[in-house]
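Engineer: Residue numbers (our numbering), protein chains in the order written: chain A, 1 to 329; chain B, 1001 to 1329; chain C, 2001 to 2329.
Listed next, the in silico DMTMM-like pairs over lysine to aspartate or glutamate satisfying Cα-Cα at most 20 Å (straight line):
id, chain 1, residue 1, chain 2, residue 2
1, A, K37, A, E158
2, C, K2161, C, D2241
3, C, K2037, C, D2312
4, A, K37, B, E1050
5, C, K2037, A, E50
6, C, K2037, C, D2004
7, A, K37, A, D4
8, B, K1037, C, E2050
9, B, K1037, B, E1158
10, C, K2052, B, E1050
11, C, K2161, C, D2282
12, B, K1161, B, D1282
13, C, K2161, C, E2025
14, A, K161, A, D24
15, A, K37, A, D312
16, C, K2161, C, D2239
17, B, K1037, C, D2051
18, C, K2052, A, E50
19, C, K2052, B, D1051
20, C, K2037, C, E2158
21, B, K1037, B, D1312
22, A, K37, A, E50
23, A, K37, B, D1051
24, C, K2052, A, D51
25, C, K2037, A, D51
26, C, K2052, B, D1039
27, C, K2037, C, E2050
28, B, K1161, B, D1312
29, B, K1161, B, E1027
30, C, K2161, C, E2027
31, B, K1161, B, D1239
32, C, K2161, C, D2024
33, B, K1037, B, E1025
Stretches of chain B that chain C covers, calculated by requiring three or more beta carbons in the stretch to come under 8 Å of a beta carbon on chain C:
id, stretch
34, 1069-1077
35, 1314-1324
Chain A side only, calculated, beta carbon under 10 Å to chain C, not exhaustive:
id, residue
36, E50
37, D51
38, Y55
39, I81
40, Y82
Source of the hints: derived by calculation from the structure; they are not laboratory data. Nothing here was measured: the structure is a model prediction, and the numbers come from that model. Heads up, the beta-carbon is just placed ideally off N, CA and C, and yes, glycines get one too.
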Amino acid sequence: MYTDIAAAGLQGRNFLSTQDWSVDELETLFSIASRLKADRAAGVPTRLLEDKTLYMIFFDSSTRTRTSFETGMTQLGGHGIYLSPDRMQISHGENARDTANVLSRYGEAIAIRHCAFGEGNAYLSEVAEHASVPVLSMQCDVYHPCQILADYLTIRGEFGKTRGRKLGVARTSAPNYARPIAVPQSLILMMPRFGIDVTLAYPPEFRLLPEIEEQARANAEAAGASFEITHRFEDAFEDADVVIPKSWGPLVHTRDHEEGIRLIEAYPEWRCDSERMALGNDHMLYMHPLPADRGREVTDEVIDGPQSVVYDEAENRLHVQKALMSLTM
Amino acid sequence: MYTDIAAAGLQGRNFLSTQDWSVDELETLFSIASRLKADRAAGVPTRLLEDKTLYMIFFDSSTRTRTSFETGMTQLGGHGIYLSPDRMQISHGENARDTANVLSRYGEAIAIRHCAFGEGNAYLSEVAEHASVPVLSMQCDVYHPCQILADYLTIRGEFGKTRGRKLGVARTSAPNYARPIAVPQSLILMMPRFGIDVTLAYPPEFRLLPEIEEQARANAEAAGASFEITHRFEDAFEDADVVIPKSWGPLVHTRDHEEGIRLIEAYPEWRCDSERMALGNDHMLYMHPLPADRGREVTDEVIDGPQSVVYDEAENRLHVQKALMSLTM
Amino acid sequence: MYTDIAAAGLQGRNFLSTQDWSVDELETLFSIASRLKADRAAGVPTRLLEDKTLYMIFFDSSTRTRTSFETGMTQLGGHGIYLSPDRMQISHGENARDTANVLSRYGEAIAIRHCAFGEGNAYLSEVAEHASVPVLSMQCDVYHPCQILADYLTIRGEFGKTRGRKLGVARTSAPNYARPIAVPQSLILMMPRFGIDVTLAYPPEFRLLPEIEEQARANAEAAGASFEITHRFEDAFEDADVVIPKSWGPLVHTRDHEEGIRLIEAYPEWRCDSERMALGNDHMLYMHPLPADRGREVTDEVIDGPQSVVYDEAENRLHVQKALMSLTM
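All chains should be built: construct the whole structure from the sequences, respecting the hints.
Structural biologist: Laid out in C-alpha cells, this is it:
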C-alpha cells in the first residue's frame, strides 16, 4: 500500500523549507499522509521505519512538535530520541559538523528546532551540509514547514479542492515576548503554490523578511494565485474561507527588546473575535498552530467554537510528519 | 490468554482514584497483573499495546513511577514519552483543555503526576474532562492509586486471602519538607474494600482530609472491615499482619511552612525500629513506597531485614500498571 | 548467526572496566560487534533484546554516549531510558542500594555515567554490588571502557592484525576545566593486552593514577608488549601507527582548581598539528573520542584531514555497545 514511497525517490532528502520540494513531491507527501491517517483510524499497523532512529534536537521548548514526531516514530515502528542542547555536549563547544557526522553514523534522520532569530536556519543548514542522513526542520527562525503541511492537509480535508480558496493570515497581539515569524512566512510561501489566494495582514512594523515576501509573490504569480499584503486586520477576514490569526513579533523592524514590547502592545485591537469571524464566509475555518494566547489573540468563543478546527490541525501534524519521515528516512 | 481484557469493558476508563473502580473491576486488574508477572518471569512476550503511546507528564520528580510506567509500555510493545512541564509549552500558558485535546489525537493515554497541594487533583480532573483517551494518575495531592494497587498485590501475594488481615498505616518522621498525604489516603480508601482491617496512626496535627477519612469509614463499613484512627504510633503495629510506616506532612492542619517544619520535628520517636516490629505478628510485613528516609523513618535493620518486602512492593508497581494500561488503553 | 552469544556465558556480567574481562571474552565481544556492524550495513534486523529495557543514568552530560546506547537498544529491538539524577529521587536521598534493587526488578541492565573525581567509580561499584542485572559503565572517574572498545575496533578495522603496532597517547591542552583521565587510563590498560605497544606522553603534573599506570605496565609485560611513559609530546607521534592526542586535567597532581587551570594553560604547545603528524608513519591514524577542542587540542587541518578516523571511531561506539548489551543483558 505504501509502495510509492520508494518510487518517490525522496529518501535522504532534507526538509528545511517547503520551498525545496516541488508541488508534485508535496502532493506525494499529502497522499501518503492521508493514507497513514486512514490506516491509523482503522487500527492498521504501519511499521515503515522499523527499529529506525530519529534524533530530535530542541533548542526551544515544544509540546506538539515533540509529541507528534516521537509518537509518529513509534507508530512507524521506530524510535525518536529527544535531545536538549543543554544536556548535550553542544554546550561544551561541539560544532554542527561533528553533531551531523556522528548522528549520521548512528541513526536515520536528524530533526531540529532552533528559533533564535538570525541563528536557527544557519545552524540547520550547516548540519544539513555535513549530515549524510536527512535533516528535517521542526521550526527555525525563518521556516516552520511541518506546521504548514498540517495546515494544508486540514484545509484540503475540509474543502477538497483548494484552488481559488481565500486564506487570511493575520498578525494578532500577544504580550510579553516576540513570537517567531516562521509560521506566517511558511504560510505565504506554500499556500499560493496550491492555488490558494492569500491575504497577509499586519501593522506596518510587523512586516516579514523582504526576500520571503518577494518569494511568496513569485510563487503566487507562477501558480496563478493572488498574494496581497494589507495593514488592515479585517482584510484578512473579509470573504475568506480560512483565517489564521496568529501573533508574531516585530523582529524584522527592530532588534531592540523594549521597542519590540512597546510595538506588541500598540495594537491590542488585532484580536480575533466573533465580529471579525462574521466578516468571512459562513463556512470560514478558524485555525491556529497553538498554543494560542486566549483572551489576547482570540476569544474563547471563537477558538472553542464551531468554526475552529485547531485540534484537527494539531492532529494533522502527526500525519504529515509521519509521511515526511517515511519518505525521507 | 488475555481475552478477558476486552471483555472487561474498561477501555477508555480514567484512573484517578481506586474509588472510581468497583471491587470487581479491581479484581480483574489484579488477575491480569498476576498473569503479566508470571509471563514476564517466564520470558513470554506480552505485546498487548503494540506501537501505542503513553504520555507521562511529571510536575514532580520520580524514579519508580517513571521507570515502571515507561518500562511497562516497552514490555507491552508500546512507548512511554516522558514530559516535563518546564520543557513543554504548559509553561507558556497552554491550558489543560488544549493539552488534553491534542495528546488525545496523537496517543492512547495520558498519565500525570502533580502533587502540589490543592492543585494536583484539580488539574488531573480537568485534563480527564477534556481528553478522549484515558487519564491515569501517577499521584496527585489527594491520591496515589497505583502505589496502593502494588501494595495490595504484594499483600495478596504473601497471604493469599486478605480478608481479616490487619494493616497498620503509621505516620513517621522525616525532616525538611512536608511529604504528600496521597499514599495514606489511598491506603485507607482501598484496603478495607478488600476486607482488610486498617489502623491509621498519626499525631493529631497530621490528620488526613476529613472527607477521605469519612469515605474510608464508609468503605470499611460496607465491606464488613474495621477502620480505626489512633494517635499512638504502636497501635499500628500491635497484632498487625502488615505495617506501612511512612512520612507525611501536616498539610491539612496548617499551610504555614515554618509551623509545618516545627511539627514534623516534634515527633522524632515516630520511627519504625525492631522494637516496634516486635509488637506485630511474627510474619508481619514491613512495607514502604520508597524512597524511605533511612535512620529517620526506619532503621536500616528493619528496611533491609527479613520482614521487609519493599523491593517486591516496588516491583509490583510494574505489574499492576501494565495491567492498568492494558485494560484502559 | 548470534548463537555464540548465549554460549559466551557473559549474561549478567558487569562491565565497569575492560580489566574485569579476559582477552578471550573481549575477542568474543569484538567478533559480535563486527557482525552487528555488517548486519546494520546490510539492513538485516538484529532484534536480540526485544522489549528489553536499559536504564541510562547520566550524572554528566553526553551526546555520543547517550545516543549510541539508546540507538543501539532500538536497533536491538529494546528501549533505553535516559535518566538524569536531578529529575530522579536520587536528589531526594535515594541510595545506590535502592536504585540498584528497584531497577533490577523492572529492566534488564543499568548503565551509568558518573565522572566526579573520587566518586564515580565508587558509585558504580555500589550499584553493581546490589543489582541483580548487569551494570555497564558509560564512563566514571577512573575508566571509560566503551570508548576504548570502540578505539580498538577502529584500529583493528584499519590494520587487521594489531600486535606490534605502536599507539601514542598524548595529553593535549584544552582550557577552562580539567577533563577526566578515564580515557587515557582505559587506553593504557587495554591496548597492551592486544599486543599494541603504547607510548604515553604528558607533562609531569598530568600523571595518571599510580595504580593504573602500574597495572598497565603489568598488562604489557604479560602480553609481551611495551608500555612507556614520557614527558615529551613528540615521543607519542614518532614512528607511531595510531595517535590519540586528548586533553585531561592534572587531577592526580592537585585538587586545587586555580592551580589546575594554571597548569592546563602552562603547556599550550601540546597540540596536535600537521608537523607532529608528519613524525609518525605515513599511514598513521589520528583518533579522538570527541568532542575535541578545535584550535587548542588539534588543528582543523588534522581532525578534518585524511588521517583522521574520528567519525569511524565514534560510529564504532554503537557497534561495540550493541555487542556488550547483547552479551550481558
